[in-house]
Amino acid sequence: MILHKKQKKKLLWPFLLSLLALAYPVLSAGAEVAQKVSGTSANWGYIGAGIAVGASTIGAGIAVGLVGAAAVGAISERPEVTGRALIFLGLAEGIAIYGLIIAIMILGKI
Amino acid sequence: MLGQAFKYSYINAKVRTIYSKRLRKRDWAILRDAADKNSFVQYLSTTYYGAYLAEILKGPEKGLHFLERQIYRALFADYEKVIRALKPPEGQVFYGLFSRFEAENLKTLIRAKKTGLPKREVLYLLYPVETLSKINWHRLWKAGSLAEAIDLLSDTPFGTSVAHALPQFEAHSRLFPIEMAMEIVSYRQIWEVVSALSSKKDKQMARMLIGGLVDALNIYHVARLRFIYALSTEETLNFTYPGGYILNLKRLHDISRATDMKSLVSYLPKPLKAILEGTDSLSQTRMVLQDWLLKRIKGVFLTLPFHLGVEIAWVIYREMEIEAILRIFETKGRKVKAGQVRLVPETLIQEE
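First to last, the protein sequences are chains P and L. Here the first sequence is numbered in my numbering, starting from 24 and rising by one per residue. Here the second sequence is numbered in my numbering, starting from 15 and rising by one per residue.
Okay, chain L solo, but in the shape it has when bound (with noise of 0.2 Å):
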């Protein structure tokens, strides 16, 4: 206990401190009165987002992208503080939960290399990585051809899943399944560590929390994949995330066999079925998912203080943050009325 108490006192206290400064119910409320993408960003920049708005308070750009691209460095900033301050393993499950954003951009890089495009014309779509990211971003984008892009991810942690991925891809040109690839190694990333953890808290604090986020995109995905994209059973199991907290491998197989939203619900063990009882569209799962996953983090900050899920749930609750920050600032200048579409989950408004 005064191990863990030494490890995390510094970083806790931190992350405690940084979470108090979170949105709260007054500012979602002005954001979403908000008349304008002016003073929408206007009004963010006396949050404590501020700090990362400089650029679009500057310039004429007010676009979702470009404040996409501010707006992040703040989450990043946040794994880079909390990676300095723990060492392996427990900063390496920092480093395995940011690395979806590396495979986001590799997609992005991919999806570019596959149709000739520089990177300045997809720039907008790139998370701002860089500081923290080892792969080699520069070299990456100057590879003239896809494959030779794929060749040079050998030596990260992609390397080997992309490169199983490229036959198929070469089959059908589909690209599908090399992005799903690099999300997956994200995710087994994360496992790797997790288990590496020499604390039981920790371990279990991480399994709640990141398995609770697994649980919830799988959920998603798995709707997404067979509602939309009309994926066979098979494949939408393939294309799952790995180490959920509640969903093991047989529950994502019946969810996987589901036909619509009512059976997918019908197929889900109890607590989770209570909550998506009545949901029929996606972004209502969705929503309905993130506060399900923001009534566990905010439950973490009340428990005991000293475990590596206080720095987890943060950043979880940060990228839900900033993801209805988003949500919001694209209706600004489209006709949709405040009230008419959910787009804060109720938790992140919720004061305790």
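Looking at chain P on its own, in the form it has when it is part of the complex (with noise of 0.2 Å):
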């Protein structure tokens, strides 16, 4: 499960491509935000899209450093399962992403 360098290659693009649509709402909503909301509300927006993706990001560091630390422990003993280790750390990855998606939801709606 090792991946080569042009498999990375390829995986590269669709990487940047699906980072740069998950920043749109983000970037457009940020110009926006001046003209649609003011006051307070706004800034209870904010309050909570930073709590989401901190907390999220808090969550994956957690769960990073457990898998991660179990996935050093394994490939020390057996090499041949990096691979599948790899995919764990994407999982425990995964859940900083789902709190960027809530933030970005919320500065959607600001």
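Mixed in with the good hints there might be a few duds.
As the list claims (entries may be wrong) - Beta-carbon label-pair distances, calculated as ranges:
id	chain 1	residue 1	chain 2	residue 2	range
1	L	F80	P	G82	48 to 56 Å
2	L	D169	P	G113	23 to 31 Å
3	P	T63	L	P102	52 to 60 Å
4	P	R101	L	A177	33 to 41 Å
5	P	T105	L	K264	18 to 26 Å
6	L	H178	P	I110	57 to 65 Å
7	L	S187	P	G88	56 to 64 Å
8	L	G130	P	G88	54 to 62 Å
To be verified - Not everything, but these chain P residues come out facing chain L in the computed CB check (under 10 Å):
id	residue
9	A75
10	G77
11	V90
12	K132
Unchecked claim - Computed far set for chain P versus chain L, every beta-carbon distance over 10 Å:
id	residue
13	P37
14	G88
15	L89
16	V104
17	E116
18	I118
Quick caveat, the hints were computed from the structure, so don't treat them as lab data. Built from N, CA and C at the ideal position, the CB exists for glycine as well.
Please dock the two separately framed chains into a single complex, following the hints provided.
Set out below in structure tokens:
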């Protein structure tokens, strides 16, 4: 399951495009925020988005810490499980994305 | 819970990965059916133990003790991995378990000193403990007499107990009390560390597994002392190991009174009585008890993952696996037919 250079290159573009797609609403929302909402409700929205991203990142950090440690333990004894271990690391990392999505949704409403 | 997960995620994953490389049903069948010692070692070298068998594969010597010295390195490597990954007091539990092998080496050393044999003459009987041991073996082997060697032990955990057993040795010229003192010290050391564990779950698992091991050892040991060496009830009780899980002091006193295997079994509490009913020989008793313990060990790998039990279970499992390998190896070159004697506990062979 170790990715070769060519495979990595192939995966790079879809990854960058999806990032851009995710970031677009945030960027566009940022520009429109001033027009749409003003006052305390917008401030709460920003705080909510911040909490969503912060908490999910902490969660992902804990998960990656645990999964990563276990992965290192398993890989040190059986290097052939590296690919599978990376998948689990990816799943742990995914927790941060959920928070980011919620934050984007909040910011989109402001 | 999160703290436990952080503490054990690395080492438990490591241990579970090593556990996945244990010998399977097919391996046991091939080892059992190996025509001779050569083919036995050749096949063993294709398993996890291969990394530790380089010397025996190169040289002409294929003796039991030579293999024993090589193969036990796998167990001590596991001890090293676990101890390196765990801080005290958890890591100390494994030092305690490891000290049982130091005690065995000390027993050999003391016997050698008593009979005036140099180290090279008994080297084949020694466990390869050097990498982990904190005892200065070089100094001990250089000691000119038994008394001097015992003196040198004073700065080790074995010192005080061995010194206490010395007058008994001098009075009767029997090494047995000193040897037993060493073994008992190892177990005391374990229980001291286990009681210092901060996590309730760790403590419970350590008590269940190591206590189970002590129970099994005590039953076998009492049977041996009573029925083979014909020791008195008091002496037998004195030489039992501390810290059983099911057998408390009263039970130990009861079984120490047994006159034969049947009466010993009748004194045991229900779960042990049920599994030992019908056993009459010592070897059979030992196998049944190992099976009982192995079932507990395998159960540990199926429970919640973050506790010390996984590591304890593994080192005991590995120890029993090695014992079974050596038992099969011993039969090679002898006229023991496959299936004639039970050499491997059933639970080691069973696939989950």
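Verification of the hints:
Distance hint check for F80 (chain L) and G82 (chain P): the Cβ-Cβ separation is about 54 Å, which falls inside the suggested range of 48 to 56 Å. Checked against the given bound of 23 to 31 Å, the beta carbons of D169 (chain L) and G113 (chain P), roughly 52 Å apart, lie outside it. For the hinted restraint 52 to 60 Å between T63 (chain P) and P102 (chain L), the CB-CB distance of approximately 53 Å keeps it satisfied. The beta-carbon spacing between R101 (chain P) and A177 (chain L), approximately 47 Å, falls outside the hinted interval of 33 to 41 Å.
Restraint check, T105 (chain P) to K264 (chain L): a C-beta distance of roughly 54 Å breaks the suggested window 18 to 26 Å. Evaluation of the 57 to 65 Å hint for H178 (chain L) and I110 (chain P) yields a pass: the beta carbon distance comes to about 58 Å. The beta-carbon spacing between S187 (chain L) and G88 (chain P), approximately 60 Å, falls within the hinted interval of 56 to 64 Å. For G130 (chain L) paired with G88 (chain P), a C-beta distance near 58 Å keeps the hint of 54 to 62 Å intact.
Residue-level restraint check for A75 (chain P) is violated (minimum Cβ-Cβ distance to chain L is 21 Å; threshold 10 Å). Because the closest C-beta pair between G77 (chain P) and chain L is about 18 Å apart, greater than 10 Å, the hint is violated. Annotation: interface hint on V90 (chain P) holds; nearest CB of chain L at approximately 8 Å, less than 10 Å. Residue-level restraint check for K132 (chain P) is violated (minimum Cβ-Cβ distance to chain L is 33 Å; threshold 10 Å).
Every beta carbon of chain L lies more than 10 Å from that of P37 (chain P), the smallest distance being close to 31 Å; the non-interface claim holds. Separation of G88 (chain P) from chain L is inadequate, the least Cβ-Cβ distance of about 7 Å not exceeding the 10 Å criterion. Some Cβ of chain L comes within 10 Å of the Cβ of L89 (chain P); the nearest lies about 5 Å off, and the non-interface call is violated. Listed as outside the interface, V104 (chain P) is inconsistent with that label: its C-beta sits roughly 7 Å from the nearest C-beta of chain L, within the 10 Å cut-off.
In this structure E116 (chain P) is separated from chain L by more than 10 Å, as the shortest Cβ-Cβ distance comes to about 16 Å. No beta-carbon of chain L is positioned within 10 Å of the beta-carbon of I118 (chain P); the least distance is around 15 Å.
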